[in-house]
Each structure stands twice: as structure tokens, then as C-alpha cells.
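As a plain string of letters, each chain reads:
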Amino acid sequence: MEQTETAVDNLKVIVFQLKDEEYGVEVNQVKSIERVEHITRVPRTPEFVEGVINLRGVVTPIIDLRSRFQIENADHSEATRVIIVTVDGMDVGLIVDAANDVIDIASSAVEPPPEVVGGVEAAYIRGVAKLEKRLLILLNLDKVLNPEEVAEVKEMESGSSK
Amino acid sequence: MERNQYLEMFIDESTEHLQAVNDNLMKLEQNPGDTAIVDEVFRSAHTLKGMAATMGYEDLASLTHQMENVLDGIRNDKIEADSGVMDVVFASVDDLEAMVTDIASGGEGRRDVSAIVNRLEHVEKGTAPAEEKTSGAIIPESRALTYDDFERTVIQQAGEQDFNAYSVKISLSPDVILKAARVYMVFEVLEQAGEVVKSVPSVEELEDEQFELDFTIVLITKETQEDIQQRILKVSEVKTAEVKTVQIDEKPEEMKEEKNQFEEEAALPAEQGVRSPEPVSEASQKPVEKSTESSAAPQSKTIRVNIDRLDSLMNLFEELVIDRGRLEQISKELESSELTDTVEHMSRISGDLQSIILTMRMVPVEQVFNRFPRMVRSLSKELEKKVSLDIIGAETELDRTVIDEIGDPLVHLLRNSIDHGIEIPEKRRNAGKPETGHITLKAYHSGNHVFIEVSDDGGGINRDKVLQKALKSGVVSPENAAQLSDRQVYELLFSSGLSTADEISDISGRGVGLDVVKNKIESLGGTVSVDSSAGEGTHFLIQLPLTLSIISVMLVEVQDEVYAVPLSSIIETAIIKKDDIMAAHNQKVIDFRGSVVPLIDLTSFFDVPVTREENDYYSVVIVRKGEKMAALVVNSFIGQQEIVLKSLGDYLQNIFAISGATILGNGKVALILDCNALIK
Amino acid sequence: MAVKVLIVDDAAFMRMMIKDILVKNDFDVVGEAGDGAQAVEMYKDASPDLVTMDITMPEMDGITALKEIKKHDPDANIIMCSAMGQQAMVIDAIQAGAKDFIVKPFQADRVLEAINKSLA
Numbered sequence: 000m001e002q003t004e005t006a007v008d009n010l011k012v013i014v015f016q017l018k019d020e021e022y023g024v025e026v027n028q029v030k031s032i033e034r035v036e037h038i039t040r041v042p043r044t045p046e047f048v049e050g051v052i053n054l055r056g057v058v059t060p061i062i063d064l065r066s067r068f069q070i071e072n073a074d075h076s077e078a079t080r081v082i083i084v085t086v087d088g089m090d091v092g093l094i095v096d097a098a099n100d101v102i103d104i105a106s107s108a109v110e111p112p113p114e115v116v117g118g119v120e121a122a123y124i125r126g127v128a129k130l131e132k133r134l135l136i137l138l139n140l141d142k143v144l145n146p147e148e149v150a151e152v153k154e155m156e157s158g159s160s161k
Numbered sequence: 000m001e002r003n004q005y006l007e008m009f010i011d012e013s014t015e016h017l018q019a020v021n022d023n024l025m026k027l028e029q030n031p032g033d034t035a036i037v038d039e040v041f042r043s044a045h046t047l048k049g050m051a052a053t054m055g056y057e058d059l060a061s062l063t064h065q066m067e068n069v070l071d072g073i074r075n076d077k078i079e080a081d082s083g084v085m086d087v088v089f090a091s092v093d094d095l096e097a098m099v100t101d102i103a104s105g106g107e108g109r110r111d112v113s114a115i116v117n118r119l120e121h122v123e124k125g126t127a128p129a130e131e132k133t134s135g136a137i138i139p140e141s142r143a144l145t146y147d148d149f150e151r152t153v154i155q156q157a158g159e160q161d162f163n164a165y166s167v168k169i170s171l172s173p174d175v176i177l178k179a180a181r182v183y184m185v186f187e188v189l190e191q192a193g194e195v196v197k198s199v200p201s202v203e204e205l206e207d208e209q210f211e212l213d214f215t216i217v218l219i220t221k222e223t224q225e226d227i228q229q230r231i232l233k234v235s236e237v238k239t240a241e242v243k244t245v246q247i248d249e250k251p252e253e254m255k256e257e258k259n260q261f262e263e264e265a266a267l268p269a270e271q272g273v274r275s276p277e278p279v280s281e282a283s284q285k286p287v288e289k290s291t292e293s294s295a296a297p298q299s300k301t302i303r304v305n306i307d308r309l310d311s312l313m314n315l316f317e318e319l320v321i322d323r324g325r326l327e328q329i330s331k332e333l334e335s336s337e338l339t340d341t342v343e344h345m346s347r348i349s350g351d352l353q354s355i356i357l358t359m360r361m362v363p364v365e366q367v368f369n370r371f372p373r374m375v376r377s378l379s380k381e382l383e384k385k386v387s388l389d390i391i392g393a394e395t396e397l398d399r400t401v402i403d404e405i406g407d408p409l410v411h412l413l414r415n416s417i418d419h420g421i422e423i424p425e426k427r428r429n430a431g432k433p434e435t436g437h438i439t440l441k442a443y444h445s446g447n448h449v450f451i452e453v454s455d456d457g458g459g460i461n462r463d464k465v466l467q468k469a470l471k472s473g474v475v476s477p478e479n480a481a482q483l484s485d486r487q488v489y490e491l492l493f494s495s496g497l498s499t500a501d502e503i504s505d506i507s508g509r510g511v512g513l514d515v516v517k518n519k520i521e522s523l524g525g526t527v528s529v530d531s532s533a534g535e536g537t538h539f540l541i542q543l544p545l546t547l548s549i550i551s552v553m554l555v556e557v558q559d560e561v562y563a564v565p566l567s568s569i570i571e572t573a574i575i576k577k578d579d580i581m582a583a584h585n586q587k588v589i590d591f592r593g594s595v596v597p598l599i600d601l602t603s604f605f606d607v608p609v610t611r612e613e614n615d616y617y618s619v620v621i622v623r624k625g626e627k628m629a630a631l632v633v634n635s636f637i638g639q640q641e642i643v644l645k646s647l648g649d650y651l652q653n654i655f656a657i658s659g660a661t662i663l664g665n666g667k668v669a670l671i672l673d674c675n676a677l678i679k
Numbered sequence: 000m001a002v003k004v005l006i007v008d009d010a011a012f013m014r015m016m017i018k019d020i021l022v023k024n025d026f027d028v029v030g031e032a033g034d035g036a037q038a039v040e041m042y043k044d045a046s047p048d049l050v051t052m053d054i055t056m057p058e059m060d061g062i063t064a065l066k067e068i069k070k071h072d073p074d075a076n077i078i079m080c081s082a083m084g085q086q087a088m089v090i091d092a093i094q095a096g097a098k099d100f101i102v103k104p105f106q107a108d109r110v111l112e113a114i115n116k117s118l119a
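Residue numbers (numbering that gives the first Met the number 0), protein chains in the order written: chain A, 0 to 161; chain B, 0 to 679; chain C, 0 to 119.
Keep in mind the hints are simulated off the structure, nothing from the lab. Any given hint might turn out to be false.
The calculated SDA-like cross-link candidates involving lysine to any residue, where the alpha carbons are at most 20 Å apart (straight line), are [what the hints assert, rightly or not]:
#1 B:K238 x C:V110
#2 B:K238 x C:R109
#3 B:K576 x B:V515
#4 B:K331 x A:K18
#5 A:K30 x B:R323
#6 B:K577 x B:V595
#7 C:K18 x C:R109
#8 B:K441 x B:M374
#9 A:K30 x B:K238
#10 C:K116 x B:Q191
#11 B:K233 x C:I93
#12 A:K18 x A:S107
#13 A:K142 x B:Y650
#14 B:K426 x B:S379
#15 B:K627 x B:E571
Calculated from the model, a selection of chain A residues having no Cβ within reach of chain B, i.e. all distances over 12 Å [claimed, not checked]:
#16 N9
#17 V26
#18 E36
#19 T44
#20 G50
#21 N53
#22 V57
#23 T59
#24 T79
#25 I102
#26 R125
#27 L130
No residue lacks a Cβ here, since even glycine has one placed at the ideal position from N, Cα and C.
Please model the entire structure based on the sequences and the hints provided.
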């Protein structure tokens, strides 16, 4: 690897796990990685919004990514973590099964997301990176958190709960 | 007089007080409306005077006395602490210091202070006419007692019921100092013995000390003349009390003052007597009342802290919190009980530190509001309008930085109301409104924000005038003009280049329009809007973001979750029997003190996972919104607490019925209910 | 038996002045307090027959102290020491149960008149 490769060509990514799959989010969007602390449930929020936590004095919302990606629920384990990300000036925490490495990915290794039936999911995915034996799903955090979509989902949910 | 043993103490205390006076006068110059500062200076000056007088330093005492008068005038809004006045006051302090220095070096403290005393006298009397304006002509000392029909009837009836009617003439001692206070004490005595039917001079005049030394009361009582006389003489500084039975065959002469009194009494149909002088009940005496309140509050010692230092403190503290978190993790992993204990202790302490630091920046908005009554008063005088200002919610706390900035916009809005909103008394009368206009200044928390409202009951915004001006300055095009709703037209007031005053009056500033107000508020992250009703009034609403605000709440348990209910919404808490719940139109209700109050079960309302068993008894919190009430069913009450309001953040905006969150002592987050949303 | 008096004022100077007048007239000064809170405590300890109470003090002002003492002893005999411009506060104090008031600077005869009337 040439050291003179510019940063633009490399992505530094934090890798985390959900069920059997590995995902990545860019390091510059990650504020911190925390252990799971007490989460206060917030009523009338979308299913995947677990609630809020006290993050060093700041009330921070927490999303359960399993729920968001509609993977079946699982109990939290020792490895479960909350990744605090910042998108659009908002801080949000993402619950993941485990958060492991920080790796560099050459942007050339990133391929566009595969077609999935039911276009919503595809919007979350920015691309897929193939690294030796691993397949990393790179997330589009904006879409994961996208408030508009959240609002839509909220409307859907409140409509169904009335 | 043995001065010497007191001399050292006198010099020490005087020097200390003079220092305090100097410092406070400097502060006062920066904050001319701050009555608390004036009170401090007054206190020091007064103490100085007392000491000087007792020590026999006459020049010192006389100068301090005169200064006291001026300061008193300032804090009662009779004198404005403008730079001319401040100059004179500063000059007096210089003289005082010179005298004390002289005494300290063994001198007599003599100084020719006649010039400065003169200047102070001018300052004091320079605005004295204000006093005379409000209270009318000087009342002659003794007047023949005459009765109008109403009074005669009362006295006659009293006689029929075996009561005695006495006219009591009271003379206060010539060296009496606080006349109104003595009058109050005499009235207290008389009211214990019977009922006061009449007072000459009138009660108001007595309260304003518009009399020399004598006043006469007509009393209905069963006591004897001697008894009444004895009781009155028990009050200090009363020289004589003459008690005579009333002769009611005096012809009822129509004296102007009598008529006014009669109108007053007619206004109290149920009562038979003149109400006794209520201590400081008039709105015009608000400043005095306010100073009572402020000195009734504990005078805690304070120091000024640079805001930047507070910020650094906050930042450093936040880093400390991060390390605390790490230590907690490490201690869990290492599983050393000693380490865990120490870290837990440290966590508790840092938690306390956190609360203290957060609250350090919070200041009640009263700080800004307290200069307004005076301002409104002087402005309305200047514009020859009658205006009364109501302030609600002055205890609402805001972050210091917001408070510093919100003052100017509010001043502008208030001036605007007085200048353009409230009409002149004649116009108001013709419109069938009370001559005195009302301005209400209200501050409160709601949802994620702090609201400040400025409303007046003036003439409202003239839609056409605003539109015309807007068209003229090109702010709005003729095509659009017709389409605009009333609200939209009113909002045009905030556009720059618009001033609908016929002259740019000095009051509202040279063309400094509402656009400046809007910009300021928006720079604070807030919004301002206006609504108006022609002929009825105008209402400005300022919404400011929640930085840090503290509210009192009642913490409750709903199943295993903790919620906070703002105390301001709570009427009462109660425990009701399941059997007492009735149904009306599919809505569960209870009878609460005679009203039908709907029940809202928070468990089902918020879909809280059920973990507790049902009970025959329900704990409810009765809340209200305006006239409506609701009973919130919870599992148990935890208790009252003051909490720091935290925003839920941009991501979770507009959660129904939740206005924010707070961090409890145990570090967990609790949600705050928005009762206004719950009560439809 | 001499009448027991508790003197309350935040200025040491004033306390000494009043004490002087009282002692010369055969009153027994059982205590001096520098603020309202102290005053309440000392009242409870010493149970004086009379209290002279300054109005403006740090920690707890005279009117609050008056109310606290009255709660503890409804018959407490308290005379307020006020300044010229404190009319409203004086009225508040009377309402709250003060027996009388004297205005600073003190004249011995006024002080004595007020005290004697209150004890009568």
C-alpha cells in the first residue's frame, strides 16, 4: 500500500455486528462507544426507538438497530454496545451486538448495494465492502436516522395505534 | 457622651459601609433600575446616619440624612438615578469619606457640607411634584365633621342596636416619625374595639401622610369612651385622644372629599365601614412592596463570577464526568470492592457538583423584570397615559446569558405598548375602556421552551396603517397585500424599514424598529410573534429555547417507570377508591370536590409495560389547564423535587404529551409530562 | 426582678447603643444577636421578656425572625427598630405581631416609652 494514498481514497470505519453480519460506519461520524446503561422508554415513538439515556448529562435518544433493520430481537449480552453517532448535529445512540474494530477500507473496495426487494432497506446501505473473507455493509447514517422517515414511520404508527 | 470606647468601632464600621456604598453606587450606575442595589446603599447610608447621629457628628449625620432622602426617593421611583443625580450622590460620598478620615485622624469630622446638602435637597425636591400630582391638594388640618346620608343611616342604626357612635380625635406627638405606621396601629386598636365608619382625612390620605398631626375617626362600638381613650393612648407617639359621642343632627353638607368617600363606601355594599388602611395595597406603592419582599428574602452573601470562568468550570467538569464513567467501567471489570466503593462515592459527589454547576448559571428572570415597573411608570407619565404593569412568573429561571440579552427586546416591546398600544385616557374613556391601560408581562415554562408574553389592552394594531407603510417601503407588493391575513400583516411589523409611528418618537427609539427585537430574539435561538385585536389589544409572544431551566415537579411511578409532573399544573394529589370511578360517555370520571373530572390512566396512555398488580385504590394526580381538570392515574407518588429541564433533542421532537426530560439523582432519565397536551 | 431583654441588630455599634440605654435603666440584657437566625435561637435559649429587633439584617431579616419567634412563643414581646424609610415594613411587622416600633437613631426616652408601654 502506498503511503501517499490520499485520505479520500480510504475510509476509516468502525465495524460492528448485528446478528451474523458486520456493518461499518465512518469514524468521523462516531462520537463514542458506550456500554448499555439504563434506557428510559419514551412512549409514542417508533418501535425501533428504544428510548433515551443519560450520556454525561445530555439526554440522548437510542435506536435499536436490530429493530430498525427488522432483524429479530435478542437479549443484550456483555458485548452489546451503544455507538453514539452524530448526524446533522444530532447525537443518537445505536444499539449493536458488538463493536469490534476500526479498519481502513480502500474506497475502491466498496461496491454499490445489492438490490433488495422493498426499497426502504436499500436506502440505509451506502455500499458493501469486500475484505478478504468479510463482507462489510456500510451504512448511510443519514438514512438510518432520517427524521423525515422517522416522522413518516411515526405517523404510520400513531395512525395504527389510534 | 463617652465617645472614645465606641470610636474605633465607629471608624471601622463606617469605613466598611462607605466602601459598600461606593461599590454599590458604581453598580447602580450600570444598572439604574436595580432597586436591590438602591436598597443596599440605603441600608448602609442609614446605618451610617444612625452611628454618626449617636456619636454627635452632626455634619456627617446631616449629610447622610439628606443622602438617605434622595436614595429613598430613588427606590420609591420618585427620583430617577440619572447621571446628574449620581454625580451628586457620588460627591456626597466623597465628603462623607473625607469626614470619616478626619475623625480617624483624631479630628471632629466637621466639614462645611451646606453646598452638597443643598444639591441633594434640590435633587430630592426636584421631582417631588410627582408625589403631589398623584395625591391631590394638601388637605387642611382640621375640618368640621359632616356626615352624608349613608353615614347618618349607619350611625342611626348603630344607635338602635345599642352601639355607641364616637368621634375620636387623635393627635400624634410632634416628633412622630413614621406617621402612617402610627395611624395603622391606631386603626388596629380601634378595629379591635368596634368598627370604623368614617375617617377624616380619608384612609388614602392618611396612608400617604397627607395630614399634619391630627385625624378624626368615627367609631361604632360597645365600649365606653374611657376605654377607647385608654386603648388609643397605649399606642406610642400618640399625644392625645379625644372621644366624643357623635351628634347626628348636623346637616349633611356636600363636601367634595365626603362625596368621594361615599362613593368608595357605596362600592362596598356589604360592609358597613371604611376599610382600614391596608398596608401598601396600591399598585403605585408596588416598589415599596417589592423592596419589602426583596429584603424579606435571605440576604445571602454573593460574589461576582466571570461567566467565562463558569464555562471553563463546566467544561472541565464534563471531562471529569467522562473519566468518572471510565473509572466506573474499570472498577466493574476489576471487581475490587474498595475501588467500586470509592468510585461510587466519587460518582455521588460529582453528581452533586453537577447539579450545583448547572444551577449556578440559572437566574430568575425577575432580575430583568424588576426595572420595568419603574420604567413603565416614568414612561407613562411622560406620555400622559395611565398604565399599570402586571408581572407574572418573575421567578421563572433562565440561563444567565439569555437573561442578559432578553432585557433590551423586552424594554422595546414594553415601550411599544405604552407608546403605540395604550391610548390616552380620553380616548380610552370614549371607547368605554377603563382609563388605566393594562400591560401584562408573563414568563413561564412550557414544553421545551421558556415563554415571555407582553400583552396590552390598548387599541391593537391598525392593519391598514401597517399595510400602507409596508407598501410604501416596498416590503410588500400591491398584489400580495390583498392576500395577506391579519396575522401576516401584523407580522410585517417585524420587517426592517417599517415604523408606523407618525413621528419617530424618542420613546421607541429613532426608527429602531421591531426588526431589531426580532433579530435579537432569533439570535438567542428563539422566535417572536404578534397577534392583535383591533380596539382590544396586542399580544407579543417570545419563545426562547431551553438552555437550562429549573422547574419543580412531582415525581410519580407509573408501573416501573418514573415520570415528572410539573408542579405548576398540579392542583392536588389524591387516593381514590376504584368504586368511586364512574363512567360518562365511555370516559371514566371521578367526583373531585364537586366537579366531574375525567380520569386518564397513564399506564394505558403511554403504553407502559404492566408490572404491578391492580389495586382497589388508585393514586391520582389532579392537574389543570385553565378551567379544565384531569385526574392522572399513577401507581405511586415519589415526591416533590426541583429538576433541571433537559431537551429531548432534535431527533425526538414533538413527542405527544411529553415536554422534556430530566436526569434524576440516580442518573436515570425521567420524562416530563406536558399536562396541557393531556387535557384536551 | 429585672426585665430580660434580647437585642438584635447586625451593627455591633447599634447593639452597644441600645444596650447602654437599657443597662442604665436597670434592664437585664440577656443576649445580643447579629442576625435573625441567631435571634430565634437565642430567644429559645434565653426566653427574654422583651426583644428589640432590627428589621434589615443578613441571613434572616427581622420580620421573618419575628414570625419565627411568634410561632415558638405567641406572647413574645418584640419591638422593631426601623429606619426612616421602612414604613411598609413596620406595618408588616405590626401585622405580624410586633408590639411597637422605634426609629433610628434612638432617643433614650422614646426607647423607654416604647418598652414600658409594651410591658404594661
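Now for the hints, and whether the structure bears them out:
no. : hint            : result
1   : B:K238 x C:V110 : 16 Å, holds
2   : B:K238 x C:R109 : 13 Å, holds
3   : B:K576 x B:V515 : 57 Å, violated
4   : B:K331 x A:K18  : 26 Å, violated
5   : A:K30 x B:R323  : 17 Å, holds
6   : B:K577 x B:V595 : 16 Å, holds
7   : C:K18 x C:R109  : 14 Å, holds
8   : B:K441 x B:M374 : 17 Å, holds
9   : A:K30 x B:K238  : 81 Å, violated
10  : C:K116 x B:Q191 : 18 Å, holds
11  : B:K233 x C:I93  : 14 Å, holds
12  : A:K18 x A:S107  : 27 Å, violated
13  : A:K142 x B:Y650 : 13 Å, holds
14  : B:K426 x B:S379 : 15 Å, holds
15  : B:K627 x B:E571 : 14 Å, holds
16  : N9              : 29 Å, holds
17  : V26             : 18 Å, holds
18  : E36             : 8 Å, violated
19  : T44             : 6 Å, violated
20  : G50             : 8 Å, violated
21  : N53             : 5 Å, violated
22  : V57             : 8 Å, violated
23  : T59             : 7 Å, violated
24  : T79             : 14 Å, holds
25  : I102            : 24 Å, holds
26  : R125            : 20 Å, holds
27  : L130            : 30 Å, holds
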